[in-house]
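Student: With chain A's structure known, arrange chain B on it following the hints.
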Amino acid sequence: MLQEENLAGRIQSLALKSEETVELPPIQLTSAQVTAEFEEDLVDRPELIATLQRGGVLNPVRESPQENIFSVDGPTKNFWIKVLHSRGDVSRIERVHIIGVARRGSKTQHIELD
Amino acid sequence: MPVTTRQLLRLIHVIEQRFDLTNREKEELLSILDDPSEADESLESGYFDWLFPRATVKVSSSDGAQKWELQIGPHAQIEAVLDNIHLDDLIYLFQRFLDKVQAHEVELVETKYVITGSNARQQLISIVVFVRDDLTARVATTYLGRPLKSERGVRFHI
Numbered sequence: 001m002l003q004e005e006n007l008a009g010r011i012q013s014l015a016l017k018s019e020e021t022v023e024l025p026p027i028q029l030t031s032a033q034v035t036a037e038f039e040e041d042l043v044d045r046p047e048l049i050a051t052l053q054r055g056g057v058l059n060p061v062r063e064s065p066q067e068n069i070f071s072v073d074g075p076t077k078n079f080w081i082k083v084l085h086s087r088g089d090v091s092r093i094e095r096v097h098i099i100g101v102a103r104r105g106s107k108t109q110h111i112e113l114d
Numbered sequence: 115m116p117v118t119t120r121q122l123l124r125l126i127h128v129i130e131q132r133f134d135l136t137n138r139e140k141e142e143l144l145s146i147l148d149d150p151s152e153a154d155e156s157l158e159s160g161y162f163d164w165l166f167p168r169a170t171v172k173v174s175s176s177d178g179a180q181k182w183e184l185q186i187g188p189h190a191q192i193e194a195v196l197d198n199i200h201l202d203d204l205i206y207l208f209q210r211f212l213d214k215v216q217a218h219e220v221e222l223v224e225t226k227y228v229i230t231g232s233n234a235r236q237q238l239i240s241i242v243v244f245v246r247d248d249l250t251a252r253v254a255t256t257y258l259g260r261p262l263k264s265e266r267g268v269r270f271h272i
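If you read the protein sequences in the order shown, they are chains A and B. Counted from 1, the first sequence has number 72 at position 72 by my numbering; the numbering is strictly sequential. The number in my numbering is simply the position in the second sequence, starting from 1, with 114 added.
Calculated directly from the structure, the hints in this document are not laboratory data. Remember, predicted model here, so these are calculated numbers, not experimental data. Just so you know, not all the hints are guaranteed correct.
[Unchecked claim] Computed cross-link-like contacts, SDA-like style, restricted to lysine to any residue with a CA-CA straight-line distance of at most 20 Å:
| # | chain 1 | residue 1 | chain 2 | residue 2 |
| --- | --- | --- | --- | --- |
| 1 | B | 140 | B | 125 |
| 2 | B | 172 | B | 183 |
| 3 | B | 214 | B | 247 |
| 4 | A | 77 | B | 172 |
| 5 | A | 17 | B | 224 |
| 6 | B | 214 | A | 77 |
| 7 | A | 107 | B | 178 |
| 8 | A | 77 | B | 247 |
| 9 | B | 214 | B | 260 |
| 10 | A | 107 | B | 224 |
| 11 | A | 107 | B | 230 |
| 12 | B | 214 | B | 178 |
| 13 | B | 214 | A | 17 |
| 14 | A | 77 | B | 246 |
The following block holds chain A by itself, in its conformation from the complex (with noise of 0.2 Å):
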């Protein structure tokens, strides 16, 4: 169902763009405002959520070509999300999403089939 709320108020929330590392100041979220993809990444959520209190360095993803999905490292687990902040206000962090989750340190594997 649609919620009519978040319809009537039209997108509120934009995705971080950068082609370039960004630098999050300590951001303070709440559970419920780290969503995933998958939902059984949630619980690695603590491990995320404890990074980015703490500040994070948020790396563009090169494996895709868009702009607004990042990696960040986190004690044992890379992180790669997605951050929305409040229209208006870049520095308002509403929402962090996260796309996958991997062992820190680990390789990407580039595989060309043809």
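Tutor: Leaving out everything else, chain B in the frame of chain A:
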């Protein structure tokens, strides 16, 4: 990069065909897509994600030795729709990947794989898959062509 008119038309077509949406819901969604700027922002912010719940498909290598569960989340599904990449394309590419892995006795490890290859329509596509020890593979992103910006990681031609 901003979403193109052609990409928006593909998404509009998919929404128009959805029998599970009311006419009012369709009108509201399509009105957002009428404005390219608003469409771009809404797509990037995940506003349309709820329309594309996770798809899960069992994919095996041709000899049946590799049996995996391929999971495609809303983000990747929307990217696929915009680029006219079909679910079958993702399954086809992942099965070819499993066949290569099996043929070359490569051991899959828990990490990210960027898989590039042609679909059945001879389009070059790339998918980024988070492979997990529990035999699930989660598609994080899909796109046409190869990853131009990729500099890191290990490259295998198998």
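Student: Does each hint fit the structure? Answer for all of them.
Tutor: Verification of the hints:
1. With a C-alpha separation of about 12 Å, the suggested pairing of residue 140 (chain B) with residue 125 (chain B) holds against the 20 Å cut-off.
2. Pair hint residue 172 (chain B) plus residue 183 (chain B) holds up; C-alpha atoms about 5 Å apart against a cutoff of 20 Å.
3. Distance restraint check for residue 214 (chain B) and residue 247 (chain B): the Cα-Cα separation of roughly 19 Å lies within the 20 Å cut-off, and the hinted pair is therefore satisfied.
4. With a C-alpha separation of about 27 Å, the suggested pair residue 77 (chain A) and residue 172 (chain B) falls outside the 20 Å cut-off, and the hint is violated.
5. About 28 Å separates the Cα atoms of residue 17 (chain A) and residue 224 (chain B), which puts this hinted pair outside 20 Å; it is violated.
6. Restraint check for residue 214 (chain B) and residue 77 (chain A): the C-alpha separation of about 28 Å exceeds 20 Å, so the hint is violated.
7. A C-alpha spacing of about 27 Å is found between residue 107 (chain A) and residue 178 (chain B), which places the hinted pair above 20 Å, so the restraint is violated.
8. This hinted pair checks out: residue 77 (chain A) and residue 247 (chain B) have alpha carbons roughly 15 Å apart, not beyond 20 Å.
9. Taken as a hint, the residue 214 (chain B) and residue 260 (chain B) pair is honoured in the structure, with Cα atoms around 18 Å apart against an allowance of 20 Å.
10. Using a Cα cut-off of 20 Å, the hinted pair residue 107 (chain A) and residue 224 (chain B) holds, with the two alpha carbons roughly 10 Å apart.
11. With a CA separation close to 17 Å, the supplied pair residue 107 (chain A) and residue 230 (chain B) stays within the 20 Å bound.
12. For the given pair, residue 214 (chain B) sits about 13 Å from residue 178 (chain B) by alpha-carbon distance, which is consistent with the 20 Å threshold.
13. Straight-line distance between C-alpha atoms of residue 214 (chain B) and residue 17 (chain A) comes to about 35 Å, which puts the hinted pair past the 20 Å bound.
14. The suggested pairing of residue 77 (chain A) with residue 246 (chain B) holds, with an alpha-carbon distance near 13 Å, which does not exceed 20 Å.
Checked against the numbered hints above, the structure breaks hints 4, 5, 6, 7, 13 and satisfies the rest.
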